[in-house]
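What follows is each chain in one-letter form.
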Amino acid sequence: MKYSLILFCTFVCVVNAIYQRDAGKNDWSKEFIGDIKHAAFGCDKKDLLVGSDNVIANINLRTGKITWRRVFESKEVIRRFEYATATCNLITLTNTLRVWDKNGLLIWDDNNVVDAALTEEGVVEVKKEFVRVRSITGKPIYNHTSSEEFTGILKGSPLTLSTKQSAVLVTSSGISKASSVNVEEGHKIVQGELVTATNQGYYAKLNPIDETKSRVVVHSNENKIEEFNINATQATLAFIRPYTSVDNKQQFNILVKHDDQLSLYNRSGLIWSRDEGLSQIKGLTFVELPTQTQAIQGNAIVSFEARLEKQLETLISLARSTVDGLVSLVKNGLKSDYVHRELNVGRDEFGFSKIMLITTSKSVYAVHTNGQVLWKKTFHSIFKTSDLSDVKLIVTNSPQQHDEKPVTPEFVLVAQRGNQALVATGNGLIGDITNLETIDFKLKDSFGVPVENGNNVLVLVSSDNQVIIRHGTHNTLTKQVYFYVHDKPTNSLQGYTIINSTPVPIWTVQFHHPIQSFAHHATKLNKHVYTNTIQHDETELSKYLNPNTFSVALEAPTSSSSDSNVEIYLIDSITGTTIYHTLYESSSGPINMLLEDNLLLITYMYNKPKRYQLSAIELYSNQIPSHAVNVKRTSFILPSAVRTISSTRTTLGITSKLYLLALTNGQVLSVNQKTIDTRRPRGVAPNPNQAEEGLLMYNPYIPLISQSLLTYNKTVHEVSRIDTSPSYLESTCHVVVSGLDMFYIRTAPSKQFDLLNDDFSFSLLVISTVALLVATFVVKWMAAKRELVRLWK
Amino acid sequence: KLFNILCLCVLICFVAAQDEVIYKDITGRLHISKEELEIGVRVAVNINGDDRVSYVKADGTFTLYELPAGTHYIDFYSVNYLIPQIRIDISPKTGKYRAFAIIPSTNGQDSYGVTQTPISVVPTLNIKPISKNEYFEREEPFDPFSMLKNPMAITLIVGLGIALLAPKLVDPEQMKELQASMSQSESEMKSMMSGFGLDGNKAVENKNQVNPQVKKKQ
Chain A
1 MKYSLILFCT FVCVVNAIYQ RDAGKNDWSK EFIGDIKHAA FGCDKKDLLV GSDNVIANIN
61 LRTGKITWRR VFESKEVIRR FEYATATCNL ITLTNTLRVW DKNGLLIWDD NNVVDAALTE
121 EGVVEVKKEF VRVRSITGKP IYNHTSSEEF TGILKGSPLT LSTKQSAVLV TSSGISKASS
181 VNVEEGHKIV QGELVTATNQ GYYAKLNPID ETKSRVVVHS NENKIEEFNI NATQATLAFI
241 RPYTSVDNKQ QFNILVKHDD QLSLYNRSGL IWSRDEGLSQ IKGLTFVELP TQTQAIQGNA
301 IVSFEARLEK QLETLISLAR STVDGLVSLV KNGLKSDYVH RELNVGRDEF GFSKIMLITT
361 SKSVYAVHTN GQVLWKKTFH SIFKTSDLSD VKLIVTNSPQ QHDEKPVTPE FVLVAQRGNQ
421 ALVATGNGLI GDITNLETID FKLKDSFGVP VENGNNVLVL VSSDNQVIIR HGTHNTLTKQ
481 VYFYVHDKPT NSLQGYTIIN STPVPIWTVQ FHHPIQSFAH HATKLNKHVY TNTIQHDETE
541 LSKYLNPNTF SVALEAPTSS SSDSNVEIYL IDSITGTTIY HTLYESSSGP INMLLEDNLL
601 LITYMYNKPK RYQLSAIELY SNQIPSHAVN VKRTSFILPS AVRTISSTRT TLGITSKLYL
661 LALTNGQVLS VNQKTIDTRR PRGVAPNPNQ AEEGLLMYNP YIPLISQSLL TYNKTVHEVS
721 RIDTSPSYLE STCHVVVSGL DMFYIRTAPS KQFDLLNDDF SFSLLVISTV ALLVATFVVK
781 WMAAKRELVR LWK
Chain B
1 KLFNILCLCV LICFVAAQDE VIYKDITGRL HISKEELEIG VRVAVNINGD DRVSYVKADG
61 TFTLYELPAG THYIDFYSVN YLIPQIRIDI SPKTGKYRAF AIIPSTNGQD SYGVTQTPIS
121 VVPTLNIKPI SKNEYFEREE PFDPFSMLKN PMAITLIVGL GIALLAPKLV DPEQMKELQA
181 SMSQSESEMK SMMSGFGLDG NKAVENKNQV NPQVKKKQ
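Going down the list, the sequences are from chains A and B. Each step along the first sequence adds one to the number in full-length UniProt numbering, with nothing skipped, and position 253 is 253. Each step along the second sequence adds one to the number in full-length UniProt numbering, with nothing skipped, and position 149 is 149.
Rather than coming from a laboratory, the hints here were simulated on the basis of the structure. Any given hint could be a false lead.
Chain B stretches covered by chain A per the calculated footprint, using a threshold of three residues with CB under 8 Å from any CB of chain A [to be verified]:
1) 115 to 126
2) 159 to 167
What follows is a list of derived Cβ distance ranges for each label pair [stated by the list, open to error]:
3) A:119 <-> B:38: 25 to 33 Å
4) B:189 <-> A:300: 32 to 40 Å
5) B:39 <-> A:244: 31 to 39 Å
6) A:270 <-> B:95: 52 to 60 Å
Far from chain A by the CB rule (all over 10 Å, computed), these chain B residues [said to hold, decoys possible]:
7) 22
8) 42
9) 52
10) 148
11) 154
Every residue gets a Cβ at the ideal spot worked out from N, C-alpha and C, and that includes glycine.
Produce the entire structure from the sequences given, and follow the hints as far as they go.
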């Protein structure tokens, strides 16, 4: 079965897989839980159970790493999260009540539960007009039906439920009216302090001392037992766990959640901390690291000396690494002689080291491509206020590959507070904010206009038609700027150009339905595009390459039935003309689009058979000069719904392109260019010309082949974006998949043709060369000796 | 008259029953190892655009609650096993349902790539994984013969073979005669060259000195 599946695949598609030994070498993944709202200490000393809105996880109490994790639908919200320390079970309630054991296995569940609680009797399930108490293993103990509808649980013991009008008391014998109810006080916030209570009679107060520290005071029965400081302030959740340490002393663990971080402290300080901020990424930009060489100015002697010095250094390091390799060879044997690429934080000669500047809803992070978070700054600390709109990050100054001297990457953060625009300029390497500007400007939108060298000039647009351009110290805007604005209430797009620092409206496009999604060309990354496609029957097709186009997708409900159509428009952003327009009948969203070179990829759902389809539209320019394009299109059936699409990008564009589809099951499928080629012959086998081009016969299915998964056996739940960036090597591309989790991989779609194998053993090469040299001399000596003997005979 | 009223009541009940939408809870059993369940096997079904997600329980059973009548596709997500997509058809009138396993097929002629195999739902819906998921490329096992296929290796081996075996095939005396004639022709060549005024003079002299010695020894 397996074998035939692979055979099936070879006829349909190309597989891009890595070796198992390479897993983890060029990639890393981070798993997150989200905004943590619930926590409970497990009965096992190393378990900590946490929950966010739709994720529950077990964290190892000693290391802070996730042991197991369960992810529910994104729409679910966990309302109850309770832990039974006697039996080590967790119950969670969304709309479904679920009971888990300590290994994360679901024991039983029940649907349509209004409220649930863990009491001494067992698990109480309250449905609309029905209440049932079960043991933790699911065995029913007693149940009652009521005439009134229950709305919730007021108290666990004695079991008191609230109905629409009153409260009732429930026991094993029956339901009776409750006379007076004392509602339990759970966690309460008392004048800025957070009080937390445990069952064992201890409770702790957290008093903030200053901006960074708080004082923890542990009480038991009104007596102060312990006091210590922790480096956290403004905590929103706190829990305490008493335990006896090895030397029989009473110790306390304090679990605190502040901002996005969950930290565990004890008397001696921080044990571990988890940052969950990267689970909700809003924006991501790749930035290069500055070059480490410096073109030495000065006369020839100085530069010659510098070069000699540098070459001496590299010679020494080469000798050292050879010796290390030999030593490891002797120790471990021939096979295990890997040269691991250790990415230092500085620039890498292959371009494998880059920084990703990431904005979430509360902070900005810089994450290096080797996985470490270089720095993090909260917007609160930058802008000194929390009342901000969405913050946008634009890179204004970026190092390039062939820089002569180091250039520091600079970025700009733009936010709106009331009627003011806040612009903060920062250093990309260390995160310091060098300048904070407040402008009286009703900011509507901001964007960066790409100028040469990957830099951007900041342009701010206000809602009363004003424009501010910030050139920065390095850039000047020489070209004419065109931009368009999406007006949501009227479903229209308005195009402008900037003349003398004022926006002048040029075009307007009005749509009849709300816009579902947009797609733009990636800016200027692939300057090398091979413009013509020659079909092997000698007709030449010219690609329609217009980097100023963008595409718009609408979902238009049809007047007759409850059906809808998907309309796609391809619009030129300078003139506002619609270059191409197409309609997919009886289809609906979610619609994802990718616009790349002359290819437009659209994913949508075809309503009648309820299947997900991918449409590829290739634009070729018509020989008649006008805006009309020649279009070739084809559609395919996807194995599952797609959350987002992206494609790999390389510097020269020679490597084959992989289109990355993020599926709803948390995996990323990579689809080869050849699979979605629009010229695949239908119904007949490819003729020799087509076979020469590599076109396979048309097959409407894009199969889900597990070997084509970019994320191999890892999953990234709830993918929201895929970002790609080229490296200096033509074969390799950086890909970051982010959503609830983050996954990074350096992928080589055509295998790494410009890099030596990882297991190329340099020491074996050195040894064989040295051995050959020695052998040459030995043999020469032996031959001379033998010749001498022969001559003396 | 009573009979008419009775008929009317029956009709009303019938009509009322027709308007009821049937929701069904589907329970099934997935035959999979406990380790895989601990990693987590998710079950998802898409109803009206919303995904409903559940996990397979510790004993291998799973329940999908409140599926409306019609056709639904159930997906299983397991890291190590490939589990077929299950299609459930729930009849709106009787509430009975039937299930098909959708397995990727190898034959291009039938439905381009999937076959639907019916599964019995009595007594329970039993689902078995198709195969193990393979995410990585197969490593070629270390084959010493692959080194032999290298063209460099072939030239080396064949060259070595010729260099070692050739002398054994030839008669030693014939070999010495050949060598002598060769050295003679060499010296002839050299004298010819010196005739053209090249600097082979000294070499020729040396050669003449050596050769008489050799000839003497013979």
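Evaluated hints:
1. 115 to 126: violated (count 0)
2. 159 to 167: violated (count 0)
3. A:119 <-> B:38: 25 to 33 Å: About 29 Å separates the Cβ atoms of residue 119 of chain A and residue 38 of chain B, which means 25 to 33 Å holds.
4. B:189 <-> A:300: 32 to 40 Å: 53 Å, violated
5. B:39 <-> A:244: 31 to 39 Å: Once the Cβ atoms are compared, 34 Å apart, the range 31 to 39 Å for residue 244 of chain A and residue 39 of chain B holds.
6. A:270 <-> B:95: 52 to 60 Å: 58 Å, holds
7. 22: 16 Å, holds
8. 42: 8 Å, violated
9. 52: 7 Å, violated
10. 148: Consistent with the label, residue 148 of chain B stays out of reach of chain A, its closest Cβ about 18 Å off (over 10 Å).
11. 154: 19 Å, holds
Hint compliance for this structure: hints 1, 2, 4, 8 and 9 are not met, and every other hint is.
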